[in-house]
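For the record, the sequence lines run as chains L and Y. Each step along the first sequence adds one to the number in our numbering, with nothing skipped, and position 17 is 17. Position in the second sequence counted from 1, then plus 1000, gives you our numbering.
Derived by calculation from the structure, the hints in this document are not laboratory data. Each residue gets a CB set at the ideal place from its N, CA and C atoms; glycine is no exception. Some clues are possibly wrong.
Stated by the list, open to error - Just so you have them, the derived chain Y footprint on chain L, three or more residues with Cβ under 8 Å:
#	segment
1	62 to 72
2	75 to 84
3	105 to 112
What the hints assert, rightly or not - Label-pair restraints from in silico Cβ distances:
#	chain 1	residue 1	chain 2	residue 2	range
4	L	P10	Y	A1058	21 to 27 Å
5	Y	S1017	L	E50	50 to 56 Å
6	Y	P1071	L	A109	28 to 34 Å
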Amino acid sequence: MSAGKRSNEPIVWFLFGTGGFFAAFFLPVHVLFYGLLFPTGLVHAPSYQETLALVRHPLARIYLFALLTFCFFHAAHRMRLTLSDVLNLRHLNTVLAFLCYGGALVGTAFTVWLLMTV
Amino acid sequence: MPQYTQFQPKEYRPKMSAYWYLDHWHYLRYALREASSFFVAYFCVLTLVQLAALGTNATRYAHFQAFMASPVMIIVNVIALAFFLLHAITWFNLVPRVVMRQMLARPTPDIVSSAPNYFVWFGATIILALFIMGVL
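Chain L with its partners taken away, still in its complex shape:
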């Protein structure tokens, strides 16, 4: 690495790695309940008021902020590399980086806004 030119890889890898941790440990149970068990009626879904009270708890807001933000950046990094390597789109690397990380930033902004207004 040349002097004076710092790589942004550590930042991207920190976000990717932490998001991978969150996605691995916590996303399966979320999709299992909200995507399958509640909609199919196999498990009784809590009421609107109960769900709202859960999401409004400060710890739940912090948890959801960390979960969604890190998962957005995890997905962004992997999607960029997947599109670049699997679909042979290396020539579009700058555009892909802009779209993927930009999308993650927009997702983070929406997360903050929704968690503050819910």
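Mind docking chain Y on chain L? Use the hints.
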């Protein structure tokens, strides 16, 4: 007089099939693991939609729940769960690949190195499930 070639030799460009990931099971598994990222993004956006519905009113949230109960969404979420499990298992099994570990001067077996991840995963899943169901 020096001998020059009349034409520049062509630059070597290795040709790679656009479907290289179908050549070998390991390549396909790698491509599928990487593809899990699209479902991670999908589910994060879906959670934002859920939060938006939750923050609006009970009627909007009921619409969201009805939307989630549609057959298409059930199928998509089954696929998403499969991809999340693939991501989780490959992620947990990375531990023996990236961490130096030994116990009593011997290398720890792979399964022993990654086992704590599975215990934490199990515990975290139970705790989150109890919160999600409104038991805690």
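Here is what the structure says about each hint:
1. 62 to 72: Our answer is that it holds, as 4 residues pass the Cβ test (under 8 Å) against chain Y, meeting three.
2. 75 to 84: With 7 residues in contact (Cβ-Cβ under 8 Å with chain Y), the coverage given for the segment 75 to 84 of chain L holds.
3. 105 to 112: holds (count 3)
4. L:P10 / Y:A1058: 21 to 27 Å: violated, 45 Å
5. Y:S1017 / L:E50: 50 to 56 Å: 53 Å Cβ-Cβ, so the 50 to 56 Å window holds.
6. Y:P1071 / L:A109: 28 to 34 Å: holds, 33 Å
Comparing the model with each numbered hint stated earlier shows that hint 4 is the single one that does not hold.
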